[in-house]
Each structure stands twice: as C-alpha cells, then as structure tokens.
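As given, the protein sequences belong to chains R and S, one line each in that order.
If you're matching positions, the first sequence starts at 38 in the numbering used here and goes up one per residue.
If you're matching positions, the second sequence starts at 2 in the numbering used here and goes up one per residue.
In case anyone wonders, no lab produced these hints; they're calculated from the structure.
Certain hints may be false.
[Claimed, not checked] Negatives, chain S to chain R, calculated, CB over 10 Å: (1) Ser8; (2) Thr13; (3) Asp18; (4) Lys65; (5) Ser71; (6) His83; (7) Ser106.
[As the list claims (entries may be wrong)] Residues on chain S that point at chain R, a partial pick, calculated with CB under 10 Å: (8) Gln39; (9) Gly44; (10) Val112.
All values derive from a computational prediction rather than experimental measurement.
Virtual Cβ for every residue (Gly too), placed ideally from N, Cα, C.
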Amino acid sequence: GALVYQYPRRTICKSGTSMRMECQAVGFQATSVAWYRQSPQKTFELIALSTVNSAIKYEQNFTQEKFPISHPNLSFSSMTVLNAYLEDRGLYLCGAKQGANTEVFFGKGTRLTVV
Amino acid sequence: TQTVSQSDAHVTVFEGDSVELRCNYSYGGSIYLSWYIQHHGRGLQFLLKYYSGNPVVQGVNGFKAEFSKSDSSFHLRKASVHWSDSAVYFCAVSATGGYKVVFGSGTRLLVSP
C-alpha cells in the first residue's frame, strides 16, 4: 500500500535556530508533495506545493526564505523551518500524491516545539 | 477555488448516542471529499473518502459519510459513539486533477461516559 513517513515525529529547537523535517513516500511515486502547518488549536494551512518539473509554489504568508523545500526525487521531500520562533510551533504535515487524479496520502506529522 | 465549512466547532454527546458532524463544501467541479480524525497531540488519521459512485461511504470504526451534491454536503455519522471517539474531526476537499487539499476548521467531538 501507499504510505508516507515523516521524521522526526517530534522535535524541540531553540528560538532562532533552524529545523529540518523529512517526508518519505513508500509504495507510490510522489509526483507532488504538499507541506501543511497546524498551529495550536487551528486547522491545517497549506505552506507550499511542490510538483515534479514545476516550481515550488508557496501560499500567501509563507516564503521560500523561511520554509525552503527540497523535492529531489519521486520518493522524498524535506522542508526546513529557518530561524524558528514561537509562532512557528505546531504540527507540520506532509501530503503526497501520484498524478493528478489520485488521493493524497498524509504522514503522521512532525511536531515542532520552539523554546 | 474550493472551500470547506464545518459549522460546529464543538459537539458533545454521551457514549452510545448517535452523532452527525457536518461538512459543507463549495466547488463547481469534480472533487475528492475526505474525513480525518486527530486525537489529542497526535497526527492525522484517515477515516474515509468519496470520489464517485455510492454516495454513502463506510469508513473505519463504524463511521460513515453521505455525499449530497444538491446540498453540497458530506456529513459524517456514527450510530453509537464510544468515549475513544473523542477527538477533532476534519473534513477536507481537493479538486480532482488538482494537488491542493483544503481542510475545514475542524469539529471537536467530546463523548461523555
């Protein structure tokens, strides 16, 4: 079956430092990968969408300078939270799909705490 | 652009009661509709999805949802809830042929023993 693994599951970083999280697709080719953030007590906001052979598209309020994303092949993606501060804490979710007319598979998320 | 509305932020029921969690969407084209559950402090767990065919879809743990094009709805139901069903439930929609999933604001279900 199709699975998406995210790691680390939980991480703590000091304010002003950076933290990298990874997303691995197993059992399918992740032609597109989307990263979401769930801030405390909120819903999931799309940060950016990465599609093979296309530029990474960031949503309003999110930038490449703050959340650089790498999508080097059809099974892996990573995102870094640069200069993390308190407002960056939350659950970061990776969702991947193969092709346009298929469902999205989500990982269990990376929970970021900033101290 | 697709949107999702979950009108109830909180729902409280007793164990053994039936429950309906409401979800309405807006989009003019063909879409995927899904429900997810998030237990406290955890990630997202898939419950069920609808794309086409039978408008009533069965999910895990006795959950089911019914798609209604006329009402633009995809409400989630369970006939008899258990205390372990207490969690936040998210409805989500994505356009077929698209890559973006839009989540509703979530409904917190509290099941009292």
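Against the structure, the hints:
| no. | hint | in the structure |
| --- | --- | --- |
| 1 | Ser8 | holds, 14 Å |
| 2 | Thr13 | holds, 17 Å |
| 3 | Asp18 | holds, 25 Å |
| 4 | Lys65 | holds, 18 Å |
| 5 | Ser71 | holds, 24 Å |
| 6 | His83 | holds, 22 Å |
| 7 | Ser106 | violated, 5 Å |
| 8 | Gln39 | holds, 8 Å |
| 9 | Gly44 | holds, 3 Å |
| 10 | Val112 | violated, 20 Å |
The structure shown violates the earlier hints numbered 7, 10.
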